[in-house]
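Chain B: place on chain A using the hints.
Listed below, chain by chain, are the residues.
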Amino acid sequence: MAANAPTAPADAAPTGHGWRSSKLPDIKLMMWVFLASDCMFFGSLIGTYLIYKDRSLVGPYPLDIFDIPLTTISTFVLLMSSFLMVIALHALRQNNIGGFRLWTAGVAFFGSIFLGFQIYEFLHFVDAGLSLNTSLFGSTFYVLTGTHGVHVAIGVLWLVSIVVASYIRPVTSEDAVYLEVAGLYWHFVDIVWIVIFTLVYLVDFV
Amino acid sequence: MAQGNGNHGIRDYVIIALILGVITYIEFYIVEHPLPWLSSAWVMFWLITLSIAKFFMVIWWFMHLKDDDKSYTGFFSSGMVIAMGTFIAFTFLMVAPGSLSYVRSEVAPDGRFVSGDKPGDYQLPGFGDDVRTAIDSDGYSRPMFEILASARPKDAAFVIDPPRAPDDAGTLRAEATPAPEDEADAPVADAEDAGEAGDEVDAVEATWDEALGADVFASNCASCHQGEGQGVPGAFPPLRSNVTDVAATDLGREYLIDVLLYGLQGPITVDGTDYDGLMPAWQHLDNDQIAAVLNHASHAWNNEDALPATFTPFAPDDVANQRGQGLGASDVLDLRARAHDSASAEGRPDDDVDPEPDEADTDEAEEPADADEPDVEEPEAPDATWDEALGADVYAGNCASCHQGEGQGVPGAFPPLRDNVTDFATTSEGRAYLGRVLLYGLQGPITVDGTDYAGMMPGMAYLDDDQIAAVLNHASHAWGNDDALPSDFAPFTSDHVADLRDEGLGAADVLDLRDEALAAPEADGDADEPADEPADDDADPGDAATTVTWDEARGADVFGANCTACHQPEGQGLPGAFPPLRSNVTDIASVEGGRSYLIDVLLYGLQGPITVDGSEYAGNMPGWQQLDDGEIADALNHLLHAWGNDDALPSGFVPYVPDDIADRRDEGRSPQEVHAVREGLDLP
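Top line first, the protein sequences correspond to chains A and B. Under the working numbering, the first residue of the first sequence is numbered 9, with each subsequent residue one higher. Under the working numbering, the first residue of the second sequence is numbered 97, with each subsequent residue one higher.
No wet-lab data here; the hints were simulated from the structure. The model shown is predicted, which means the values in this text are computed figures rather than measured ones. We put the CB at the ideal spot given by N, CA and C, even for glycine. A couple of the hints might just be wrong.
[Claimed, not checked] Derived Cβ-Cβ restraints for the label pairs, each shown as a range:
1) B:Glu484 <-> A:Gly154: 43 to 49 angstroms
2) A:Leu131 <-> B:Ser135: 32 to 38 angstroms
3) B:Asp743 <-> A:Gly154: 26 to 32 angstroms
4) B:Asp578 <-> A:Met38: 54 to 60 angstroms
5) B:Ala149 <-> A:Lys31: 30 to 36 angstroms
6) A:Val151 <-> B:Asp743: 24 to 30 angstroms
7) B:Asp598 <-> A:Gly124: 58 to 64 angstroms
8) A:Gly124 <-> B:Ile122: 23 to 29 angstroms
9) B:Phe186 <-> A:Leu131: 29 to 35 angstroms
10) A:Ile162 <-> B:Val750: 45 to 51 angstroms
11) B:Ile122 <-> A:Val151: 26 to 32 angstroms
[To be verified] From the derived model, a few chain A residues whose C-beta atoms are all more than 12 angstroms from chain B:
12) Ile105
13) Gly106
14) Gln126
15) Ile127
16) Thr153
17) Val158
18) Ala161
19) Leu165
20) Val172
21) Ala173
22) Pro178
23) Val179
24) Asp183
25) Tyr186
26) Ile199
Same shape as in the complex, but just chain A:
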């Protein structure tokens, strides 16, 4: 049933089963509920980071090792990947399959660049003496940004698999809801980073 999900879910979601009261596509509803719960997950992790901030007994401390220009660039990359995401969805809705593949692959590529920055950052921090066990800063920082990084990595794999699948089984604008759901996830990962970038990185330097 979901395979025939239309591009305009609000208009014509399947209502084959009489007990259904919602005409919203299941998969999209499910994604929004998941994102709501993920809010709480990241809310707790960010809260933990902020509460334990400045309580580390040993360095390195945030001011010693954060590199704001570098993080700004990776933040910008992630924002632009969100932009490519909406372009890709737009292309698919227009039945522009070539554009859809190009832009979706672009999103995955930008996501990979972001992950590359994060891996570089982690290695640099470890080198500077900050490990998961060093201090409260180390524990809370790595768990928070690491969890976010895992979200990004899952998103990259998801988008790549969508592009690959489009070669195996031809897609049309009818399938746009699947890309839209992946896009919701991707944008969410982006807004989480918007919050982390401000609350974890920037405010330390004010």
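For chain B alone, kept in the frame of chain A given last:
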């Protein structure tokens, strides 16, 4: 199709993406290039506003909640609301104001744990009295968040009140000033200016204002002399029998008042430990406050037991009489010698003090005067069984707050007391080392079981020999450690401890002994000595940039050992008490004469009022001539580069080298002259 709105959609997306990019750049810019007209509070406001704006732009347009079914918005909003609620509840639980009263009694301003916590005199954050009592009753439970609440340098800023506003002290002092000039008038003058003075006149054994004394002590003294007056060995002397001995004579009483009014500068020895006296003057406190805090120090922590029965509390008049002499801090050092001579001439007050029965269970209630009672130690047979109850008790009262109830430690903060300890306990070098760690503390980087720790163990010389021996035996046997001990292990005895007591080591010296002690077990063929290698100590400082020619590790060490107690680990200072070391310092380094001025501040100290970032400070920095040229150079380089300061350094900045320091070492300036130099600098 509602969303088939063609190219109009694309254009919107491009505009949104551009705005998002621009906002990110603005955030970056205002952080990296602080605008002079935008205060940091406003920067914070704009950062948060801009990120919220970005957040909603992405949700609204990119995730097209704008056009989509409203129930999606509802789902997501409820998730956001619950997340925010969780966050707020969490924040209240962890940083509720109640946690501060705990911090006040437990933690030095550098965030270090002060040992000797007494059950009941602190409050767990976020819990009522009933929960607090339940946790206290076994003496062991130390919830993680309690430790975290205490180890929080910035909270201490709330605890250490800035010195009293000059206004109220100033007016009171103005009224009191005539007193020293004309002693006959003094009682009258003081009786007028303070209500309590009246009480002092008619009752010789008058009660003093205990609350005021405790308050003044907590605000002004506890940051160095610690909450229980136990001091920090090698840095700040204790206020125990050394104070009550002196307080018993007239000369001694005047000396104590002088120390508070004029400070104390010069080498002193207290209970066999050397201190380089650096006490600042507290003339800005009024007579009532100084009298009350002297009475507090004479009576608190069971000191009153050591006071002679004839002791009369300090009165504000006594303080007024000592004002106006214009003594220097080093003049007071001479008075100290006189005061001590008179104290010994009158005979030392009775040291045989029994702790009050009702307080016998709190270890810090034990008078350090016990150290003068050799008879307690001698009856103990060298291979006797040890006092398990005492060991467990001392451990719970002094050690468990950091090393935890089961000796498991806190990874990265406080090392465990497991194999690493029993390995030491099996050789004579190791045993002596353990005793010294207890007596003198341990300062410097160590590695235990592969985890690095920045050693900051305080010395516990205020415990008596029996207590130290018992707690060492406890740590060697408890938690299954006894399985790792050889069968012929002889318990520590108080004699062992007594032999080590008068070596006068510093906490950093003990670190060197650690290396020697570690070498010993290997020589014994003790194979199970796992990762306890201090050799990897130098691994963590890590990436020394090749352009930097100074010793970053040493700079950080010197700074950590000497500067953080006041200026805080991240150089943030304590508002109103100790200035920060941030852009104010790099600004100084950038102006003409600033470079040598900074050297002078470290060599000769700084005395006089200064203003930093709009806050006023009383300027009581001591000189640090005891550090060598290289240490001072690296400490300066450290504070000019750390915490992002290097971004504000002028591009042509050349790191200090030891010769720079040596060149200025013989200038022989006074802290006041250094202050004058500061006035002459062309600071922005």
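Here's how the hints hold up against the structure:
{"no.": "1", "hint": "B:Glu484 <-> A:Gly154: 43 to 49 angstroms", "in the structure": "holds (45 angstroms)"}
{"no.": "2", "hint": "A:Leu131 <-> B:Ser135: 32 to 38 angstroms", "in the structure": "holds (36 angstroms)"}
{"no.": "3", "hint": "B:Asp743 <-> A:Gly154: 26 to 32 angstroms", "in the structure": "holds (27 angstroms)"}
{"no.": "4", "hint": "B:Asp578 <-> A:Met38: 54 to 60 angstroms", "in the structure": "holds (57 angstroms)"}
{"no.": "5", "hint": "B:Ala149 <-> A:Lys31: 30 to 36 angstroms", "in the structure": "holds (33 angstroms)"}
{"no.": "6", "hint": "A:Val151 <-> B:Asp743: 24 to 30 angstroms", "in the structure": "holds (28 angstroms)"}
{"no.": "7", "hint": "B:Asp598 <-> A:Gly124: 58 to 64 angstroms", "in the structure": "holds (60 angstroms)"}
{"no.": "8", "hint": "A:Gly124 <-> B:Ile122: 23 to 29 angstroms", "in the structure": "holds (25 angstroms)"}
{"no.": "9", "hint": "B:Phe186 <-> A:Leu131: 29 to 35 angstroms", "in the structure": "holds (31 angstroms)"}
{"no.": "10", "hint": "A:Ile162 <-> B:Val750: 45 to 51 angstroms", "in the structure": "holds (50 angstroms)"}
{"no.": "11", "hint": "B:Ile122 <-> A:Val151: 26 to 32 angstroms", "in the structure": "holds (29 angstroms)"}
{"no.": "12", "hint": "Ile105", "in the structure": "holds (17 angstroms)"}
{"no.": "13", "hint": "Gly106", "in the structure": "holds (16 angstroms)"}
{"no.": "14", "hint": "Gln126", "in the structure": "holds (17 angstroms)"}
{"no.": "15", "hint": "Ile127", "in the structure": "holds (17 angstroms)"}
{"no.": "16", "hint": "Thr153", "in the structure": "holds (16 angstroms)"}
{"no.": "17", "hint": "Val158", "in the structure": "holds (19 angstroms)"}
{"no.": "18", "hint": "Ala161", "in the structure": "holds (20 angstroms)"}
{"no.": "19", "hint": "Leu165", "in the structure": "holds (20 angstroms)"}
{"no.": "20", "hint": "Val172", "in the structure": "holds (24 angstroms)"}
{"no.": "21", "hint": "Ala173", "in the structure": "holds (23 angstroms)"}
{"no.": "22", "hint": "Pro178", "in the structure": "holds (21 angstroms)"}
{"no.": "23", "hint": "Val179", "in the structure": "holds (17 angstroms)"}
{"no.": "24", "hint": "Asp183", "in the structure": "holds (15 angstroms)"}
{"no.": "25", "hint": "Tyr186", "in the structure": "holds (15 angstroms)"}
{"no.": "26", "hint": "Ile199", "in the structure": "violated (5 angstroms)"}
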